[in-house]
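Following the hints, position chain B against chain A.
Top line first, the protein sequences correspond to chains A and B. First residue of the first sequence? That's 1 in the numbering used here, and the numbers climb one at a time after it. First residue of the second sequence? That's 1001 in the numbering used here, and the numbers climb one at a time after it.
Keep in mind that the hints were calculated from the coordinates and are not lab data. Since we're looking at a predicted model, the values are computed, not measured. Accuracy of the hints is not assured; some may be wrong.
Have a look at the derived ranges for each label pair, beta carbon to beta carbon [what the hints assert, rightly or not]:
hint, chain 1, residue 1, chain 2, residue 2, range
1, A, I157, B, G1078, 54 to 60 angstroms
2, B, E1087, A, G41, 51 to 57 angstroms
3, B, R1244, A, R122, 55 to 61 angstroms
4, B, R1244, A, G85, 57 to 63 angstroms
5, B, R1276, A, E103, 34 to 40 angstroms
6, B, R1195, A, A26, 45 to 51 angstroms
7, B, G1215, A, A95, 34 to 40 angstroms
8, B, G1078, A, A250, 36 to 42 angstroms
9, A, A95, B, G1260, 51 to 57 angstroms
10, A, R29, B, P1204, 46 to 52 angstroms
11, B, G1149, A, A250, 50 to 56 angstroms
12, B, P1204, A, R211, 43 to 49 angstroms
13, A, A178, B, E1097, 55 to 61 angstroms
Cβ-to-Cβ under 8 angstroms is the rule here; a few derived chain A residues that face chain B [what the hints assert, rightly or not]:
hint, residue
14, E291
15, T292
16, A296
17, W362
18, R365
The beta-carbon is built from N, C-alpha and C at its ideal position, and this holds for glycine as well.
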Amino acid sequence: MKGEPVYLDWAATAPVRPEAIAATAAALREVGNPASVHAFGRRARARLEAARRAVAGFFGVEPDAVVFTSGGSEANQLALHQARGPIAVAAIEHASILEAVPEAIRLPVTPAGILDLAAAERLLAEHRPSLVACQLANNETGAIQPVAELARLVRAIGAHLHVDAVQAAGKLASAPTALGADTVAVSAHKLGGPAGIGALLVRPGLPLRPRQPGGGQEGGRRAGTPNLPGAVGFAAALECLSGFDWSAVAALRDRLERELRAIAPELRAVAAEVPRLPTISCLLTPGLPAETQLVALDLDGVAVGAGSACSSGKLAPSHVLRAMGLSEAEARAAIRVSLGWSTSDAEVDRLVGAWTALYRRWRQRRAA
Amino acid sequence: MAETAPIDFDLPAGARVVVAMSGGVDSSVTAAMLAEAGFEVVGVTLQLYDQRASRRDGKTCCAGRDLEDARAVADRLGIAHYTLDMEARFRAAVIEEFAAAYAAGRTPIPCVRCNERVKFADLLAFARDLGAAALATGHYVRRLRGPAGFELHRAADPHRDQSYFLFATTPEQLDFLRFPIGELDKPAVRAIAARLGLPVAEKPDSQDICFVPDGDHARLVGALRPDALRPGEIVDGTGRVLGRHAGIARFTVGQRKGLGVAVGEPLYVTAIDATRARIVVGPRRANLVAAARLEGCSWLAAPHPEEVVAVKHRYNEPAVTGRVAREPDGRARVAFLEPQAGVAPGQACVVWRGTRLLGGGWIAATEPVRDAAAARLDGVLAAP
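Isolated chain A, as found in the complex (with noise of 0.2 angstroms):
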């Protein structure tokens, strides 16, 4: 039954490319600050520029719009720290966005799962926010927000546009730097590279307020010795995904669901109704709490995701299927199954496989 345990929680962080693994330790075998003048400080500065000039160019950015930081959140706080006046973000935003801002406006979404464009031009003209967060796509159900749509009402009341494409970033045809956003989250270990490296992307002429003042670098807009084994792993993880084809992948997502449909008429795929994630299915079965579905999954090797779990391992119910109108009943029974560019058929089948014999038992029980 068990065999070699599988990985399909790729949403929380996707194992690192062989490539960005040997960049990043060829970069910690080699000393120097990027910042000192001697020439090991300037070997490194001119590793650090390279990788920066690599993630700039697959996002079709300058490479000076690349300010690297720790990763996601403090790319996402970074942006927020710039707001000069109210704050707005969607109600599905990630926690690093919720709970560093908790008395932003909250910008609704439908029960699809996407921005309520209607009610956010209402809100956006009701308190005339100076900055506007939101996601490209949602780190749970995977859907994709209209932030092109967004970006023109932001436009409108003269505010400024954050986008959190971390989980987004590199699995959409188009770059998220394209969308009229001034600045862009992103993050390397979603993708293939290191925890502990990511990048706000900003928009050309937008002065950065630095939320880490101290040394010059980045710019003066982010104070630390940079991550330069990271940065380097970062931009080797770009160039694997370079033109990756995710259609593979999103098939695979599409047969898994309809496999257990099939056995679980009452499994919904939540937000499959508007564009997702190629990597992302959010799997409901209503009275089937996600603990229960995590753990029988677990003990049988294969890896899931659901809501967010606390330091102590319990499981709180999704804000964001809590914000598409489900109860927290619902909230409670959803679990989320994400992809990657190496998922194959039989990780497919070995889930299925797995969430069916627990299904059986668990209907089986309820019956008795």
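Just chain B, lined up with the frame of chain A:
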């Protein structure tokens, strides 16, 4: 009680077993014994209430030290471990009723409800959904095969026996449950923990009520049911006011200390009148009851009406003797062979035949000795 005695776990070889791991030494050793015997042990710690308030080390996570201990033990044993969030369930099924009982003048025993409604209900269902063959807990009780199925017996160590708290167990639950440490005494349990290097080998025993770690149950009850802390009068059996009190939740029937009233002889709480927020006190003889009326009864095996059985009407009192007359609608009347003091409504009244747990019920009312005597006298007078 030697730990070398072979134990029949009554499980197929290599079966998956869920172990309820509280982080204490008893459930840790339960998990260890099953893991050593080659079963696929899945440790589960229930997150029952927010422990932030009770942590003294300044950390602010909702999880307490016990969860960290359970994880450390699971890591040491190399078994899977998960946390199940049952805060909402525990609050609804245990804590709210606990407070409501005090507000109604009763003395609740929440551990029974937790076993009945949380551990042996929700956790047991979880274990079944995982395809486990059994749920094991660190209770000091024994599950023994009898002629008509499994029986629940007192622990081998009478000082540790916890069968009182499991009186509401059903036969279906008992089929699925395992209590490996019920054959051991505490030193043997600690010896196993020490031999395996479990980080909880020297951990002190837990307190009586897990969600009231400081022992101040009145504060918790007052937060949920302020009416239970309404000040009122302390009266004697004739209604004469002897003093004042700061809330009925601070009292239990049979209590002597903390009354703050002094007359010639020692006084005991004989009744709690929630409606009028009154504590009724009387001398020891007024506290004596001849029988208890039970409701919500649960029987693993039925006592015979004429049979003299062992009875415990309070968790921290020794067993006494009595006879049980079962009545319709889950009720029963327990007649004590000797008059009993401190029989408090809300407590569990539990019945054994020898070491075998038969079942029990919740004390709804009591029959004072004087009333019972009067009833007998009435019967004599009414006789032709």
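Evaluated hints:
1. A:I157 to B:G1078: 54 to 60 angstroms: Taking Cβ atoms as reference, I157 of chain A and G1078 of chain B lie about 58 angstroms apart, which means the hint holds.
2. B:E1087 to A:G41: 51 to 57 angstroms: Between E1087 of chain B and G41 of chain A, where Cβ atoms are some 53 angstroms apart, the hint holds.
3. B:R1244 to A:R122: 55 to 61 angstroms: For R122 of chain A against R1244 of chain B, whose Cβ atoms are near 60 angstroms apart, the range 55 to 61 angstroms holds.
4. B:R1244 to A:G85: 57 to 63 angstroms: 58 angstroms, holds
5. B:R1276 to A:E103: 34 to 40 angstroms: 49 angstroms, violated
6. B:R1195 to A:A26: 45 to 51 angstroms: Holds, at about 48 angstroms.
7. B:G1215 to A:A95: 34 to 40 angstroms: For G1215 of chain B and A95 of chain A the Cβ distance comes to about 37 angstroms; the hint holds.
8. B:G1078 to A:A250: 36 to 42 angstroms: 39 angstroms, holds
9. A:A95 to B:G1260: 51 to 57 angstroms: At roughly 52 angstroms between Cβ atoms, G1260 of chain B and A95 of chain A fall inside 51 to 57 angstroms, so the hint holds.
10. A:R29 to B:P1204: 46 to 52 angstroms: Once the Cβ atoms are compared, 51 angstroms apart, the range 46 to 52 angstroms for P1204 of chain B and R29 of chain A holds.
11. B:G1149 to A:A250: 50 to 56 angstroms: 54 angstroms, holds
12. B:P1204 to A:R211: 43 to 49 angstroms: For R211 of chain A against P1204 of chain B, whose Cβ atoms are near 46 angstroms apart, the range 43 to 49 angstroms holds.
13. A:A178 to B:E1097: 55 to 61 angstroms: 59 angstroms, holds
14. E291: 6 angstroms, holds
15. T292: Hint holds; T292 of chain A Cβ to chain B Cβ min 5 angstroms, cut 8 angstroms.
16. A296: 5 angstroms, holds
17. W362: W362 of chain A check passes; min Cβ-Cβ to chain B is 5 angstroms, inside 8 angstroms.
18. R365: R365 of chain A check passes; min Cβ-Cβ to chain B is 5 angstroms, inside 8 angstroms.
Hint violations for this structure: number 5 only, all remaining hints satisfied.
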